[in-house]
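**Q** One letter stands for each residue in the lines below.
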Amino acid sequence: MSKDAHSTTRRRAARISAAMLVSATTFLTAACSNSGGSGGASTQKVELTFSQWWAPEMPSGALQRVIDEFHTANPLISVKLISAPFASLQTQTISQAASGTLPDVVGLDGSWVNPLYKQGALLNLSEVMKTANYDPKNLASQVGFNGSTYMIPVVNFVYPLFTNDEILAKAGISKPPSTWSEFESAAKKISQTVDGVKGWIAPLGTTNPNGAQNDILSWAWASGGSMLKDGKPALTGNEEVRGAVNLVKNLVESDSVVAGAANLQEIDKVQNFINGRVGMMVDSLAHVTTIVKGNPGLKFSVSTQPAVDGYSGKHGIVTASWGIGVSAKSKHPTESWKLVQFLMDKNANSTLATLANGFPGNTTAVPDFTGADPHFKQAFDIYTQSKPVNEFTGLPSANQLMTDFLNEFQKTTTGKSDVETMLSQTQKKWEQQF
Amino acid sequence: MTLLQSENPPIRELTSTDSRGPWPRVRYRGSLRQKAEPYLLVAPTVLLILGLMVIPIGIVIGYSLMDNVVTNRSPQFVGLAHYIEILGQLTFWSAALNTLIFTLGSVVAHMVIGLLFALMLNSKTMARVPRAIFRAIYILPWIFTAAVVAVVWRLLLDPSGVINYVLTTTGVLAEAIPWLATPATALVTVTVINIWSGYPFFMISLLAGLQGISTDLYEAAKIDGAGVFRQFSSVTLPALRPILYSMALLDVLWTTQQFTLIWATTGGGPQGLTEMLSTLTYKLAFNTYQFSMASTSAVLVLVASLTVAVVYVRRHRKEVV
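Residue numbers (full-length UniProt numbering), protein chains in the order written: chain E, 1 to 434; chain P, 1 to 321.
What the hints contain is simulated information worked out from the structure, not anything from laboratory work.
Hints may contain errors.
As the list claims (entries may be wrong) - The following residues of chain P were derived to be distant from chain E, with all beta-carbon distances above 12 Å:
#: 1; residue: V70
#: 2; residue: V112
#: 3; residue: I113
#: 4; residue: Y138
#: 5; residue: L155
#: 6; residue: L157
#: 7; residue: I177
#: 8; residue: T189
#: 9; residue: V192
#: 10; residue: G227
#: 11; residue: S234
#: 12; residue: Q271
#: 13; residue: F286
#: 14; residue: S305
Stated by the list, open to error - What the simulated footprint calls covered on chain E by chain P, stretch by stretch (three residues with Cβ under 8 Å from a Cβ of chain P suffice, anywhere in the stretch; the number is not a length):
#: 15; region: 281–288
#: 16; region: 330–344
#: 17; region: 410–419
Claimed, not checked - Calculated from the model, a selection of chain E residues having no Cβ within reach of chain P, i.e. all distances over 10 Å:
#: 18; residue: I82
#: 19; residue: A84
#: 20; residue: S226
#: 21; residue: E266
All values derive from a computational prediction rather than experimental measurement.
Backbone N, C-alpha and C fix where the C-beta goes; we use that ideal spot for every residue, glycine too.
My request is simple: use the sequences and hints to build the entire structure.
**A** This is the structure in structure tokens:
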């Protein structure tokens, strides 16, 4: 090799190495750096990031169209949607909060608020509302700590009782049950009289442990009960909670519930209902579209979740929310609040609720039922007459509380424990989490 | 052809005391740029390893020594307190035992099934076309991701699924069993699913090993009067031993860290009876937000995995030498 060639090769190698070094440094810097909104003066265009799981659950491009309306109203603000499925967004949000890279505006579930608040990752929205002279009187609910708001529910999803009209008729039941005893009797009757069909389905698996709230504690809430006292666990000596646990346990033991409850998930509930293998379920109204698409000929009704016999108060109805919050590290809190305010505005909120098959977080907004499945209107009436409730919202380690509850409950159905022991064991575990 | 000297030729010095022989030790006496060149060449790799492995592992070890991180804005150093706490918890040992049963069951079955199928596919008694068809069928489980495997098996094992239907209609079972939801069957069932999804890797590797064994060895064994079983134990197994050993160690590492399959089938339930160290670590981090305890659990898994990895590397080095 010539001297020049040797030298050239060395220079090239050095250049390539240097380039790789720069690339690696850039890559690592990018990976570790704050990906928050871009900086800039207020007169310059500001870019906000907005992470949520809503877009994948809405019709294609629907959320972007709502955001485009915001762009039209706020030409100096640009919103970049970061969409991910619910399950992956939870871990992503907690990790981002830890590394200080939380997007400016964050889609929130009620169970995430407590750890994010403890991390100091969320902006105090009460202060922001005060600064912006925003009157929160039209907000249906707010989630907060120590008197300050950190999450605002944008859209609420209710969990009414779904009943398969044909199966109920076959079992000789003329109308959906309205009390616990009517429900228990209907579930048993269906299981005994309709071939290959169970009365009820209760997914009590722990991969996603929300069966604890939707299928067990919801019975207590429907009857005006509570699992908390002064914000602390109150499972022992609690009539409504004990009654709810006994109700579900009796149904499982009398073989009136779809087998394998300890491993079922929410999606199994919907599939079994669509396929006509179950007569009743307590499920999200958001699944109406899936049910109608899955089995267009299925005749079903939605009604209030039955309450304990003799209860005459307002029925509680489980709700889950698409919540929203702002990152405490956002460089553009004012612009971020503008987006939140826009989404909570009567018109935008109605549009979002309609698109999501949910109910608005703004009390003055009304979903547009034009052309919608009649079950939505039916459920909206139930919603307005009931008391929306989800006591797990804002609790510490809500998922673990539900997992503990289900693990202990599963022991009662396999004879390893009784209801009193189950409740006292769960109480102990919950107290540790609190 | 003219041999040209480089700008700064290396000066070779003979070192007669070098125990490895009279080889010249090369010493470069070049410019700073030339001295920096090798470091510059390895720098990207070093930087990536540092950024993506050493630093994260260091952070996790650091987290395990703090009272709680991520959700605590001013964590305090607590030394080995978390290690003492987690090693005293029944849930940790229960998860460790489940992981051990799951791993051992999976690795042994992977090895046995993989070897049987590899022997079958290597058999001269099978024609070329059926062999190709079987090869394609047997390898199928391996091409599915863990999430797909979980969904498929959940459907198959559902009380109203195909497996229960076949077992109840043929009279094997009196009534359908929710395999993944029944405490007595859940751990065995997830192990079976993992065996199903992982044996093709062993099969393919062992098939390659079998095809590399010289036919002369079998002919010589035949001449010596060795039957089929003797040929297998005296020729096949010794020839495959290095592959089996390496594969088993790798499989132990992979299976110990299995998360997706468990999470998507049972989530650690029912009653925590399929809880593995991987799912326990995840729950500590993202269910209870105890990131320091999760880090402690992760470090313990890392130590166990490192032990296996060291054995593997030593074994591999011996084979190479």
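**Q** State for each hint whether it applies.
**A** A quick look at each hint next to the structure:
With a minimum CB-CB distance of about 4 Å to chain E, V70/P fails to clear the 12 Å threshold, and the non-interface call is violated. With 12 Å as the threshold on Cβ separation, the claim that V112/P sits away from chain E holds: the shortest Cβ distance comes to roughly 28 Å. The non-interface label for I113/P is consistent with chain E: the shortest C-beta to C-beta separation is roughly 26 Å, beyond 12 Å. Separation of Y138/P from chain E is adequate, the least Cβ-Cβ distance of about 29 Å exceeding the 12 Å criterion.
Not every beta carbon of chain E lies more than 12 Å from that of L155/P, the smallest distance being close to 10 Å; the non-interface claim is violated. Not every C-beta of chain E lies more than 12 Å from that of L157/P, the closest at about 9 Å, which undercuts listing it as non-interface. At the 12 Å boundary, the C-beta of I177/P falls inside the reach of chain E, the nearest C-beta of that chain being 8 Å off. A cut-off of 12 Å between C-beta atoms contradicts the statement that T189/P is not in contact with chain E; the least separation is 10 Å.
Distance check on V192/P: its Cβ is at least 15 Å (rounded) from any Cβ of chain E, clearing the 12 Å threshold; non-interface status holds. The Cβ of G227/P lies farther than 12 Å from every Cβ of chain E, with a closest approach of about 48 Å, so its non-interface assignment holds. At roughly 47 Å from the closest C-beta of chain E, the C-beta of S234/P stays outside 12 Å, upholding its exclusion from the interface. Remark: the non-interface label on Q271/P conflicts with the geometry, its nearest Cβ contact in chain E lying 5 Å away (cut-off 12 Å).
Against chain E, the non-interface label of F286/P is violated: not every CB pair exceeds 12 Å, the least being about 5 Å. For S305/P, the condition that its CB be more than 12 Å from all CB atoms of chain E holds, with the nearest at approximately 22 Å. Check on the region 281–288 of chain E: 0 of its residues sit with their Cβ under 8 Å from a Cβ of chain P, so the three-residue criterion for coverage is violated. Only residues whose C-beta sits within less than 8 Å of a C-beta in chain P count toward coverage, and the region 330–344 of chain E has 0 of them, not enough to reach three; the restraint is violated.
Check on the region 410–419 of chain E: 4 of its residues sit with their Cβ under 8 Å from a Cβ of chain P, so the three-residue criterion for coverage holds. Separation of I82/E from chain P is adequate, the least Cβ-Cβ distance of about 19 Å exceeding the 10 Å criterion. Under the 10 Å C-beta cut-off, the non-interface status given to A84/E relative to chain P holds; the minimum distance is some 15 Å. Chain P leaves S226/E outside its interface by the beta-carbon criterion, the shortest separation being 23 Å against a cut-off of 10 Å.
Distance to chain P confirms E266/E as a non-interface residue, since its nearest Cβ pair spans about 13 Å, more than 10 Å.
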